[in-house]
Structure formats: C-alpha cells, structure tokens
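Quick mapping for you: the protein sequence lines, in order, are chains S and L.
Quick note: the first sequence uses my numbering, first residue 23, plus one each step.
Quick note: the second sequence uses my numbering, first residue 2, plus one each step.
Since the hints were made in silico from the structure, they are not lab data.
Keep in mind that the hints are not guaranteed to be accurate.
What the hints assert, rightly or not - Within a straight-line C-alpha distance of at most 35 Å, the following computed DSBU-like cross-link-like pairs (lysine-lysine) qualify:
(1) S:Lys40 to L:Lys352
(2) L:Lys296 to L:Lys211
(3) L:Lys232 to S:Lys40
(4) L:Lys329 to S:Lys264
(5) S:Lys40 to S:Lys264
(6) S:Lys303 to L:Lys232
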Amino acid sequence: MILVNKDTKVIVQGATGKMGSAHTKRMIAYGTKVVGGVTPGKGGTKIEGIPVFDTVKEAFQATGANTSVIFVPPYLALDAGSEALDAGAELVVLITEGIPPQDAAKLVAQVKAKGAKLIGPNCPGIITPGECLIGILPGSIFKSGPVGMVSRSGTLTYEIALALTESGLGQSTCVGVGGDPIKGMGYEEALSLFKDDAKTEVIVLIGEIGGSAEEEAAAYIKANVKKPVVAYIAGQTAPPGKRMGHAGAIISGGKGTAQSKIEAFEKAGIKVAKTPSEVAKFVAEASKQVARA
Amino acid sequence: MNLYEWEAKKIFQEHGIPVPPSHRITKPEELRKIHLGYPLTLKVQVQSGGRGKAGGIQFAKDLKEGETKSAELLKMVINGSKTESLLIEPRLTIARELYLSVTLDRSRGCAIFIASAEGGIEIESSKNVVTMPIPYPYHDFVGRDLAKQVGLTGNLLNKFADLANKLYKLFESKDLELAEINPLIVTDGDEVLALDGKITICDDALGRHKCFAGWQETHMLDLSDREKRSKRAGLNLVELDGNIGILCNGAGLTMATMDLVKAFGGQPGNFLDAGGGSDTEKTLEALEIVHDNPKCDVILVNILGGITACDEVAQALTAFMKRHPERKLIVRLRGNNQDVAEKMLAESGLKLYPELEEAVKQAVEQSKGKQLAGAAR
C-alpha cells in the first residue's frame, strides 16, 4: 500500500458543507481515522461526532493529523490548499471540481517548494481497501489485495475496480489523480511509489485522451518499473477537437490521441486492455506469472 | 471560451498592449463611415483557427472593392464557425514579425511563455521557438530574460520585454488559458503592435470576473441548441452521428462507455457526461437533452455513483419515464445508495443491468432493431 493506511489521521476542510458532511460520514463509516473538520467560524462545534476547528493549524496541532482532504467551493480551494500546506500538511487531497487551472498551478508551485504531496484537483481521492478511504470513492466496490491502481478518471476507476474485485483481484491502493490539465501527483509519482511497495504485485494504469502524460508514463515504466503493468485508455473513439468532459481530455492538433498512447505502451511492452473487463483478465494473467516467478 | 479578435484587441489595449486602429462592422455599408484610409484590411471574426488559409483576410484598395468583399466575407463559415462581424484595419507596412504567447503547460504544471523571432507562423511546426516556464510569483525581469533568449537587442529588447510583462499580467489577472499575439509586428515606423490576437478565457473562472458576465451567451454562435442547453445546465455534451444516446457520470466512464458501444458494433449518438454529484433536476435535464436528439433510438444510461447518489438518478429516471413512456431506456446503475434506487425503480418495471457490458450489448441490439424497422418503413 502507498500513501495512506490504517494509521493515517485525516482532517476535512469544508466538513460542514453539503458534500463535505456527507462524505465525512461515509469516510468515518468506512473506518478512516477522520479526526477533525475545519470550517472558519464554526470552531468548537461538532460534526458526525468529530471536533470542528476554525483553522487547519489548530486542527493539526490538536489531533496530530498531517493529511487534509478538501471539499470547499472552487474559488476557495487555492486558499484552503495553501492553508493546509502552511500548517505542515504532508498529503493534501483536493476533491473540488472546477478550480481555475491558474489556481491549481499556484498550488502546485507551493507543493513543490514544501516537498509535500497533492492529489487532485477534480479527483475521487485515494483508498487503501480495508484501511483508509479519503475522498468520494464508493468503498464497497474495493477490496484488499495485490493490485495498485492509478487513474485520471473517477467513475472509470470504480468501473475497473469493480471488475477486478468481482474477479477476486483485490487492490493495494487506488489513487485517482484527477482529470484536470494542471494537477499535483501524476502517473510517475504514483508509479514510483507502487514500484517499491511490497504489497503491490501488479499495477493498473487508467488513462484517457489529451496531453502526453501516458506517453511519459510509458517511458518511465520501461526505464524503472519491473512489476507488470496493465493499461487502459478511454476515448479510443473520441472525435478530435472536442473536449470530452474533463478539461484535460481533448485531442488538439493531432496530439493526445488514444492511438498514440496505446502505441507508446505497447512499445514499452505494456499490455493495453480494450475493455474494463479485459483489464481484470490481463491482471489475472500477470498475477499468475508473478506467483510462478 | 475563445474570444473574437476584436474583443482580444480591446482587452490588449486596456492592458497597455498597442494594437492598430480598427473598426468593427456587421454590414458592408458601414464601411462608408470609416476613415482609416485605403488600402484596408478586412478580417472575418470567427471563433475558429485557420482563418488566413481559408481566405478570411482580404485587402481592399477602395470603398467599392471593400463593400463587395465585405458582403462575401460576412457570409463566410470557417471550420464550422460562423462569421460574427468584420474587423477593419489599415493595411500596414511590416518591417518584422515576431510571436509571443502565454499559456499553461500541463506537463510542467505552470504557466509558460512561448516566443519566436518569426511571427505569423504556425507555432507548432516552427523551429525557432523559445519556451520558458514562468516563475510564480512574477517579476518583470522575466520579460527581459525572454527577449534576450529570443535573440533581441537594443530598443526592441526593451519593447518586447515590456509587452511580455503586460501580456503575462493580463493572463494572470483575467484567468486566461491562452493569450497570444501572432504576429507581433514592427512597422516601418518602428512601432511595435499586436496585429492579430487570440484570447481563451478559462470557463471555470468566468464566475469570478464580473467583466465577462453574460459573455458565455454571446459566444455560443457555433453551438447546436442541445449544446447550448447543456452548457447552461453545466453538462458536457458532444454531438455524434449515431443513434444510441449515451448518458453517464464522469468523463472517463462516458468515454469508456462510448468506446464499448462502438466495440460492440453500435453507433453513439452523443457523449453526455453529467459530471460528479448531479442531482435529480440536472439528471432529468440531461435525459431530456439526449431524448431530444432526433437521431436517437435508444438511451443508454450508465451511472456509477460515488459523489452522485443513485437514488437521485432513480428519481430523475422515474420522472422521465412518466413524461416519455415510449422511450427505450437501457439503464445500468451502481454505487452509493444503489439499494434505495433499486427499490424506487422496482415499481416502474424498468429492468436494471448490473453489468456494463451486458447493458451495452442490449443497447446496441435495440438500436439495430430500430434501424431495421426504420429501413422497412
């Protein structure tokens, strides 16, 4: 497992909002150690049985947490993220969708300067099944096992996790890095953690059209990752020039096509599944090989 | 949102970036009121690229030629993009052309300058291009650094640096995705001007810039009615040619569903990503938009509820079926609050498909039956 486990203490920024409170409840029900919430002006109150603080600094000091998950509206997200980093957060998970990319870039600059980690924005979060769920993923479809997953999509991650779980293939950790063009953690950072993680035997990489992150990941895997990797690319039939939902999912000037990404993976010796169920099939095959070796 | 050239130039001017004198017209006879001196340049205002190649820029030596050409230009459609108006400028004598833009670099995760000592070019295919990551917070020496890297000297170095600094400040203060001057020209009188400009505003930032209030409505010239409705409702719609309407939550899942439909021999009629956390009202509007596509024979709904609650979707489905009992629906619904949703839909008689591939196969089969029936009629 990577980044989060049963000992991870989390505070929720925006815990008293509609989304924040609903998912605080879900995270606690899953077993995540949610130790506090932050909503300026509501310090001293409680939500879902946990204490609410006015500032992140106060929440970290009182609870010993060093991880924050953010559910605030888009235009407040840069400030919320900056506050968490300034208070010493080592991991920030930014769920909010619709953050202006220049705000994301300003946050990424701070993350780099502080040596912290940022997952998101516009992401489903991270789960180490059976231990810790941070974000909005539906916990029930994941189960513990040897497959590490990293993905640019939310619901497609659930689809593939479901296919894996139903085939008896559990997951070590699943990271949804988000669909925005400017974001914190990318494939490389997640892969660098999975490759050294003892529990992870096979890695699943879920990509989509737009940008060149998949091509860069293929080169990184070829040079650095010995574990088997199975890839899946969404948008194989997407028309060029159209933004397919995610701000980052667009084929422009003939670049960012599914074809180019699939070719990059195949050249690096990485199997590319055509359907979500084929991902499970390829992972099962790879697992057997790992067991034999 | 892509701005028209005339809007970009107005914004440039407001930020101290010099542009040629100009007038915007929507009728050929308006040329008579313009006193810029001939020859004139007539430029169609479209939200698409490739304008020059398509013949969207013409010159006129006198009023008569200007009116004839304006009448033709105003009717032009370039890459599906309609002409909104014409921008009229004097024809300038160009001593030198340069290129300058600011945009976001997704690999580096920061803003970048792109600049070149050659202008009026397609920047992707040009060799002499300087790309420079922009540090945050910003300082004016960055502009000088850029001008130096481009290879400029003397007076031009300072003028270019000043423009780069102004362009970046505009980019940051207005939350742009792209601010481009191509070409940036030096006239025979040593004036430095933005001869053409492109600005893309980040849609997600529109809400915090009062100066752009209402602009989204005036920049929908190239969208279909259903695309306009989607935009207003905060849904992501892309129209396609087939007869299977697709409605999912999440961009990746919607693309994957579309890919599966094709893989099983069906033809997607649209891509509609209802996004994360859509409530009953938004989901219902999404269903109506897919339903209103005259080419649509079957609607395939694939929802995996994380932040979206299945019961909200079930409520929308129930309301939709009451309005349109004849509409063929194939629904796959799983995730948060799935049990509540199943109970709600049990009474309606709607069959739910737990497996995605089963649902897609069913939708493709139904769509083919419809096509055959249509052909027989």
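Going through the hints against the structure:
no.	hint	result
1	S:Lys40 to L:Lys352	holds (31 Å)
2	L:Lys296 to L:Lys211	violated (39 Å)
3	L:Lys232 to S:Lys40	holds (24 Å)
4	L:Lys329 to S:Lys264	holds (28 Å)
5	S:Lys40 to S:Lys264	holds (32 Å)
6	S:Lys303 to L:Lys232	violated (39 Å)
Hint check: violations occur at hints 2 and 6; the rest are consistent with the structure.
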